[in-house]
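A.B. asks: The sequence shown maps to residues 1 to 69 in our numbering.
Any given hint could be a false lead.
[As the list claims (entries may be wrong)] Okay, the calculated beta carbon distance ranges per label pair:
1. Ile45 <-> Val16: 17 to 25 Å
2. Ser66 <-> Gly19: 30 to 38 Å
3. Leu23 <-> Gln62: 30 to 38 Å
4. Met4 <-> Leu35: 17 to 25 Å
5. Tyr55 <-> Leu6: 33 to 41 Å
6. Lys67 <-> Met4: 14 to 22 Å
7. Tyr58 <-> Asn5: 17 to 25 Å
8. Asn38 <-> Arg65: 24 to 32 Å
Think of the hints as simulated: they come from the structure by calculation, not from any bench.
Beta carbons: idealized from backbone N, C-alpha and C, even for Gly.
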Amino acid sequence: MDNMNLKTFSFIAAAVFSGVSLLHLARILFGGNVLIENWEVPMSISIVSFILAAYLAYKGFQLSRSKEK
1 MDNMNLKTFS FIAAAVFSGV SLLHLARILF GGNVLIENWE VPMSISIVSF ILAAYLAYKG
61 FQLSRSKEK
């Protein structure tokens, strides 16, 4: 099995972060409730998580498209 290079890793990580950010965006837009045991997760956590995951996805895709090896 070949070793994974930086571009491949960056692309896969960016794709995962894109999925996570889309799930948070869906929760924000459609107002879904998330319950962890008896605690309802505030919408502000999804807002911050959406911004963070979208930024990490953006930077990951940038890194995967860079010309450096």
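A.B. asks: Confirm or reject each hint.
C.D. replies: Tested hints:
1. Ile45 <-> Val16: 17 to 25 Å: holds (19 Å)
2. Ser66 <-> Gly19: 30 to 38 Å: violated (22 Å)
3. Leu23 <-> Gln62: 30 to 38 Å: Given range 30 to 38 Å: violated, Cβ gap about 22 Å.
4. Met4 <-> Leu35: 17 to 25 Å: violated (36 Å)
5. Tyr55 <-> Leu6: 33 to 41 Å: violated (19 Å)
6. Lys67 <-> Met4: 14 to 22 Å: holds (19 Å)
7. Tyr58 <-> Asn5: 17 to 25 Å: Hint holds: Cβ distance 20 Å, inside 17 to 25 Å.
8. Asn38 <-> Arg65: 24 to 32 Å: Check failed, 44 Å falls outside 24 to 32 Å.
The structure shown violates the earlier hints numbered 2, 3, 4, 5, 8.
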